[in-house]
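Novice: Each chain, written out:
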Amino acid sequence: MTWLRLSLKEWQRRPLRTSVTAAGVAIATAALFSLLAFQRGYRDGVRHELDRLGAHILVVPKGCPYDAASIALHGASWPCYLKSRYLAEVRAVRGIAAAAPVFMAAVYDTTGAQSVYVGVETNILALKSTWQIEGTFPEHDGELLVGADAARRNGWRIGQQVRLPALTGQQGTVTGILRPTQGADDTFIFMPLSDAQRRFHHANELTHILVRLTHPDKLDDAVAQLRGCDAGLSMNVVPLAHMFRSIQSLVNSTRLLLGCIALVALLAAGTGVSNTILMAVSERARELGVMRAIGASRADIFRLVWLETVQVCLSGAVLGIGVAFLASRLVEHWVRSKLPFAPTDALVRWEWWIAAACLGCALVLGSIAGFLPACRAARIAPITAMRRAEGWA
Amino acid sequence: MSGSTGQNGLIVSAAGLTKVYQRGREEVRALHDVSFEIKRGEFVAVVGPSGAGKTTLLNLVGCMDAPTSGTLALFGKPVQNLKEQERTRLRREQIGFVFQHFGLLPTLTVAENIALPAFFAGRDAASRVDELVFKIGLKHRRDHRPSELSGGEMQRAAIARALINQPGLLLADEPTGNLDSATGESILDLFEQLNREGLTIIVVTHNRSLASAAHRQITLGDGALRLQP
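Top to bottom, those sequences are chains A and B. If you use my numbering, the first sequence corresponds to residues 1 to 393, in order. If you use my numbering, the second sequence corresponds to residues 394 to 622, in order.
Hints were generated in silico from the structure; no laboratory data involved. Heads up, some of the hints might be wrong.
To be verified - Computed, partial: chain A to chain B, Cβ under 8 Å:
| no. | residue |
| --- | --- |
| 1 | 1 |
| 2 | 199 |
| 3 | 201 |
| 4 | 290 |
| 5 | 294 |
| 6 | 295 |
What the hints assert, rightly or not - Simulated restraints on C-beta separations:
| no. | chain 1 | residue 1 | chain 2 | residue 2 | range |
| --- | --- | --- | --- | --- | --- |
| 7 | B | 530 | A | 275 | 40 to 48 Å |
| 8 | B | 428 | A | 15 | 46 to 54 Å |
| 9 | A | 371 | B | 469 | 52 to 60 Å |
| 10 | B | 523 | A | 299 | 46 to 54 Å |
| 11 | B | 523 | A | 4 | 20 to 28 Å |
Just so you know, even glycine gets a beta-carbon here, dropped at the ideal spot from N, CA and C.
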């Protein structure tokens with residue numbers, strides 16, 4: 001027999017009540033685990049997505065910069081446009097290594113499936129240093145560079161002449177296929193800028209300009225110049241590093257609020273555990289008295305009851321972590337539907353340290369919650385064993 | 394059986410034992426000036442009407458409670474002023490308890506219940522448990538839970554538990570109180586067998602045959618000693 005085994009036996013006495021108590025801890029731990037995993041996944045996801053964009057600055061039409069950034073990253077139709085002539089002013093700014101004009105449009109076929117067409121020039125390659133292309137980059141009208149997922153979904157191969165999805169009667173030739181980037185680019189269909197503008201009837205208009213600096217330190221100066229140029233009043237200059245910080249700040253504020261809620265849930269669960277164990281101690285007073293009579297010390301009884309409490313909390317925590325892990329896709333889907341700027345990467349990313357932190361919290365919670373019942377149990381006098389109550393073996 | 398004895402082979406030596414409980418503002422004198430001695434190997438029955446102080450006396454002799462005044466020596470050593478830890482150690486090492494309500498833990502098997510005092514003493518008692526279940530005739534019930542046992546079997550298991558640490562003194566509080574007369578007789582036989590093997594036994598009982606089987610009786614009435622042959 002071991003102390004752990006002896007304390008585990010208590011589960012058998014009232015399995016339903018103990019399980020319900022552990023479930024309270026499980027819910028609180030699941031919330032904490034999801035919160036920590038989400039915070040980690042979201043931060044990394046946003047950072048990777050902005051890195052994949054390859055730009056330091058995003059120049060977009062006037063409007064909400066977050067909406068514009070989200071559209072540029074994930075692909076959608078733009079509500080308004082930039083004049084192509086702004087590009088010259090952007091390129092004239094000191095410290096800019098490359099300014100890539102982009103025209104993006106999203107269209108839907110009869111089944112509701114979305115296709116995103118992106119018109120670009122060859123200088124986009126100066127920003128997309130991680131791109132690996134099988135075949136060639138499209139340089140002439142009618143040529144297409146297709147993202148890995150889009151090529152797979154449509155069953156396209158290099159050299160194939162294809163009908164463009166959701167663009168009735170229009171065709172193109174696949175000259176290149178992007179190797180998977182793990183980002184939204186995998187779903188896009190790229191074509192020369194002029195071709196995209198013509199197909200969507202927006203000649204001399206752009207949806208956004210991706211700007212890469214010669215050095216990231218020149219960000220503030222470049223942003224000031226862009227905002228101060230003649231076209232500055234007609235466009236929104238979005239420094240992506242600032243946007244990352246703003247998004248993180250927003251998420252951190254939300255995390256603080258959710259963290260407080262998770263903490264309150266944990267404290268409530270701890271109070272529930274403490275109350276349940278106190279009741280159990282009260283019900284088992286004579287039994288604990290018998291243990292004292294036959295040789296258990298006060299410390300032995302304290303250890304036994306404390307272990308029972310810690311065990312309930314740790315079991316609940318393991319259950320909560322398991323449930324949170326299994327439900328992470330569901331949580332991710334829900335969170336994604338609520339966030340204005342959700343990266344395509346996994347939002348909920350768990351790591352071992354997060355599980356360890358949750359178990360640590362449960363251990364601390366169990367230790368604190370078990371203290372009062374354990375003290376109370378340890379104070380039970382051996383003569384309690386002589387009580388003549390009914391209904392006990 | 395373990396446990397040394399005092400002068401003249403005394404296991405228990407009580408002089409002027411008094412126990413007063415406070416019940417609200419009222420003082421309840423449960424025991425008053427009780428003196429007696431019990432020698433090694435004796436089988437003593439404590440008898441008397443309900444409320445006479447029998448269980449209080451057993452609590453004091455079992456080091457579960459401290460006397461208000463008087464002296465009490467167990468195995469030749471005064472125990473009335475022992476600290477809690479020392480009393481716990483004495484209970485664990487030298488005294489075996491048998492309760493009217495058996496006091497078996499419902500979640501443990503017979504073997505685990507029997508091993509419990511040894512576990513608290515930090516000893517591995519597997520072979521001793523095997524020896525005891527065989528001795529009390531519960532080998533076939535070794536891995537059963539108390540709820541699967543009859544009253545007599547439960548009390549046998551409780552007696553085995555009391556013997557696991559090889560105590561020098563066995564205290565029993567109404568050990569046949571919850572048993573039918575036939576089962577009570579078998580428990581009496583077991584006590585007599587243990588006493589013949591040298592174990593000192595003190596039994597609080599209302600059971601006449603159990604009391605008459607003892608070497609002598611200590612009779613209490615209103616917390617005082619009435620007769621000590």
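Novice: Each hint should be assessed against the structure and marked as holding or not.
Specialist: Results of checking the hints against the structure:
no., hint, result
1, 1, "5 Å, holds"
2, 199, "76 Å, violated"
3, 201, "79 Å, violated"
4, 290, "4 Å, holds"
5, 294, "5 Å, holds"
6, 295, "3 Å, holds"
7, B/530 to A/275: 40 to 48 Å, "44 Å, holds"
8, B/428 to A/15: 46 to 54 Å, "52 Å, holds"
9, A/371 to B/469: 52 to 60 Å, "40 Å, violated"
10, B/523 to A/299: 46 to 54 Å, "29 Å, violated"
11, B/523 to A/4: 20 to 28 Å, "24 Å, holds"
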